[in-house]
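Peer 1: Okay, here's what each chain looks like letter by letter:
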Amino acid sequence: MATLSMPTAVAAASSWGSELLLALESGASPQPPLAAARQRAARALADRPLPSRRQEAWRFTDIAPLLAITPAQLPPATTVPATLPSVTPGVVRLVLDGHGDPLAGVSMPAGIEAIPAADLEALLQESSTDRGEDRGANGASNHAAARAGSEAPWSGLLAAATAGQILALRVRGVVEPTLELVSDAASAEGVMPLRLLLILEPEARLELLQVHRASAASLTTVLLEARLGAGARLSHGLIAQGGGAAVLLADLAVEQDPDSHYAFTSVVAGWALSRLEPRVLQSGGGATTRLRSLQRVDGRQIADQHSQVRFEGPEGELDQLHKVIADGAGRSVFNGAVAVPRAAQRTDAVQLSRSLLLSDRARIDTKPQLEIVADDVKCAHGATVSRLQSEELFYLQSRGIAAANASRLLLRGYCGEVLRELPAAATIWQPLAMVLAEEAPRP
Amino acid sequence: MIRPEAPVLLEIRDLHASVADQPILHGVNLTIRAGEIHAVMGRNGSGKSTLSKVLAGHPAYTVTGGSVTYQGEDLLALAPELRARRGVFLGFQYPVEIPGVSNLEFLRVATNGRRLEQGAEELDTFAFEDLVRERLAVVQMDPAFLERSVNEGFSGGEKKRNEILQMALLDPLVAILDETDSGLDIDALRIVAGGVNQLATPGNATLLITHYQRLLDVITPDYVHVMAAGRILRTGGKDLALELEDRGYDWVDAELAALAPAPVEVG
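Quick mapping for you: the protein sequence lines, in order, are chains F and X. FYI, numbering that gives the first Met the number 0 numbers position 84 of the first sequence as 83, with every residue one higher than the one before it. FYI, numbering that gives the first Met the number 0 numbers position 105 of the second sequence as 104, with every residue one higher than the one before it.
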C-alpha cells in the first residue's frame, strides 16, 4: 500500500467493501429472517465510508492488513478445522464456519435452545447494528445493539451485512457445561463472517468460551449480540489466536438488565490486525460488569481494543483491566469509553490500562474516555506503560534463576492476572503458550 | 565459631566499587572462614549495602578494583544466578514484590537450580511441597504464603521471613543478610534471628549487615566490623558492637579525620 498514491488508496479501500458485498450476493441467500437483516445492514454499510485514520475511532489503526484480504467469502471446504484440540469433558463445542449448521449433530445441553425463526425475525428487527444506527436512536427497543453506544461500529455492520447465517440461542436456568464457539480459518484465504445472538433469560447462568483462530490472509468478522435478563450471569471468555496476515474484527454488544453479572475476559495474540469492540450497556444500572483483556503484539502487528460501557441507571459497577505486551514493531491501541449519565448515580467504575513495552520500536496508544455527568459516583481510571522491572529481574537472578527464565517468569506473572479469569475450559487452548510463543524475534 | 584451620569460603581483597560513576567502596578487605558469623555495622552511606549488592552481582554496581574469591574461584566473574546456585545468598533489605508469580513455584525453581549445582536431584512438585513445608517451620511461616504471589502484599515481617525461608531452601555456603532486622517488631526479630541461628553450621558462614545491637543479642557474631567511608575501619569481637551501642559512631568520625586526607580513588 505504501507505494500507492493517496487517491488510489482511497479508491482501493472503498471498492474493497463493495467487492465483498458483490461476491456474497452471488452466493446462496441466507435463511429468510436473516436475509432482510442482511439487506438492511448492507444498505447501511454502503452509506458508511471505510474506516480510515482520518476518523477519530480509527486514528491509530491502519487497516492496510484488511484491504490485503481477498474480498470473497471463505468456501466451506477449506474451513474445516483439522487442528482443533479434542473436546474436553464438561464442554459442548459448536464449530462455526459461516456455512454449515453449527448445531447439526450436536446434542445441546439442558437450558440452551435454538431460537425459532419466528422469534428471530422480531429480534433481528430490533437490532440497530443492522441499520448502523446511533445509540438511543431506537429507545423503544430492548435489544443490545439497538442502544449499545454511539454509532454501531463498522466491524459489526460488516459482519451483519455479510453473515449468511446466525447462531441464535436462548438460555434458561443454570447451564452446566461450558459452551464453546469455535472458528478456525486455518490457512484459507478470504472472509469468514459470523453472527451470534444470545438471550439469557432472568436468572440464567452460562459459561461461554469463544475461540477464533486463523493463520493466513483471512478476515474473521464477528458480531455477537447478547442480552442478560435480571439476575442472569454470563462468564464469557474469548481466545483469539492469529498468525501471518490474518485479521480479526469483533463487535460484542452486550445489554445487561439490573442485577445481572457479565464477566468478559479476552486474550488476543498473533493477528496482523485485530480490533475488539466490547460494548456493554447496563440498561437500568444496578448490574456488575467485569472486563479483563490481554493483548500481545509483535512484528508489525496491530491490536486494537475499543471498549464502551454505558450505565443508564443507578448503582452499576464496572471493573475493567486491560493489559498489553508490545514487542517488535507492534502497535497496541486501547480506547476505553465509560459513560455515566445523570441517571447513573452511585455508579462505581474502575478502569486500568497496563502496558508492558518490550521493544523500543513498539508503540502503545492508550486512552481512557470517561464521560461523567452524574455527581454522586466513584469513577477511577489509570494507565501505566512500563518495562520489565530490573529490580524484579535481579531478585529472581539472585535466587539462581537465569535472566531469560526470570524474564519469562515475570511475563507469565504479568499474563496470569488476566488468564486466570478465563473459563476453566480455556486451558486446552493453551492461552499462555499462545501469548508467549512469539517471544523469539521474528525474521 | 572461630577455627583458624577452617577453610576460607570468601576472601575480599581491596575491593573498590561504584554506582552511577560514584565511588562507594574504597578498598574493603575481609576473610570469611567456614563456621564464622560476621557482622558489618556502620552508618547509612558507609557502604554496607553496596558491599552486599556487589557480592550478589547487582548490575547497577561496577567493581573498579580488587578481587573477591569464593571457594578459590573468582566470584566477580560469575553471573548473579551462578553465584546463587554455587551457594552465595543475599537476603534483601527490601525484598521485591513480584505480582502474578506464585511464591511456591518461585521457591521450587530456585531450589532446583541450587540442587542441580550441588549434584542433588531436582524435586518434583510433590517432593518439593514436602520439603518446603518442613522448612516453613524454621521461620514459623503460614503455608498460606506459598499460594500467594512472591512477597506481594506481605508485611515487612512476612517478607523477611520469606527471605529466611529461601535461605533455608537454598542451603547457602555464604549468606549475606542485608538489614534483615530492619522493620521487624521484637517477636518477628526473634523468629527471623532464630531461623538464622538454626541454619548456621560449621560448614557455612553468615555475614550480617545491621545498624543495631538488638539483632546481635540474638545472633552472636564471631567478628564485628565497623564500616565507614567505603572501607572496614575496625574489626573486633562481639564487644565492639556493644561499644558502638554505648558510644555511638562519633569516634568513627574522629578516626576517619585522623586518616585524612579523605579517601581518593586508587588507580
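Because the hints were derived from the structure by calculation, they are not lab data. Accuracy of the hints is not assured; some may be wrong.
[To be verified] If the Cβ cut is set under 10 angstroms, some of the chain X residues that face chain F in the computed set are:
{"id": "1", "residue": "G56"}
{"id": "2", "residue": "R85"}
{"id": "3", "residue": "E96"}
{"id": "4", "residue": "G99"}
{"id": "5", "residue": "N111"}
{"id": "6", "residue": "A119"}
{"id": "7", "residue": "E121"}
{"id": "8", "residue": "D123"}
{"id": "9", "residue": "F144"}
{"id": "10", "residue": "S148"}
Heads up, the beta-carbon is just placed ideally off N, CA and C, and yes, glycines get one too.
Peer 1: Look at each hint and say if it fits the structure.
Peer 2: To see whether the hints hold, each was checked on the structure:
Because the beta carbon of X:G56 sits about 7 angstroms from the nearest beta carbon in chain F, less than 10 angstroms, this interface hint is met. Proximity of X:R85 to chain F holds as hinted, the smallest CB-CB distance being about 9 angstroms (cut-off 10 angstroms). A cut of 10 angstroms between beta carbons decides the hint on X:E96: the least distance to chain F is about 8 angstroms, and the hint holds. A hinted interface residue such as X:G99 counts as satisfied when its beta carbon comes closer than 10 angstroms to some beta carbon of chain F; here the least separation is about 3 angstroms, so the hint holds.
With a least beta-carbon distance of about 9 angstroms to chain F, the hint placing X:N111 at the interface is held under the 10 angstroms criterion. Violation of the interface hint for X:A119 is found here, the shortest Cβ-Cβ separation to chain F being roughly 13 angstroms, above the 10 angstroms cut-off. This hint is violated: X:E121 has a C-beta 13 angstroms from the nearest C-beta of chain F, more than the 10 angstroms allowed. Checking X:D123 against chain F by beta carbon gives a least distance of about 18 angstroms; that is not within 10 angstroms, so the hint is violated.
Given hint, X:F144 at the interface with chain F, is violated; its Cβ is 16 angstroms from that chain's nearest Cβ, farther than 10 angstroms. Annotation: interface hint on X:S148 holds; nearest CB of chain F at approximately 7 angstroms, less than 10 angstroms.
Hint compliance for this structure: hints 6, 7, 8 and 9 are broken, all remaining hints hold.
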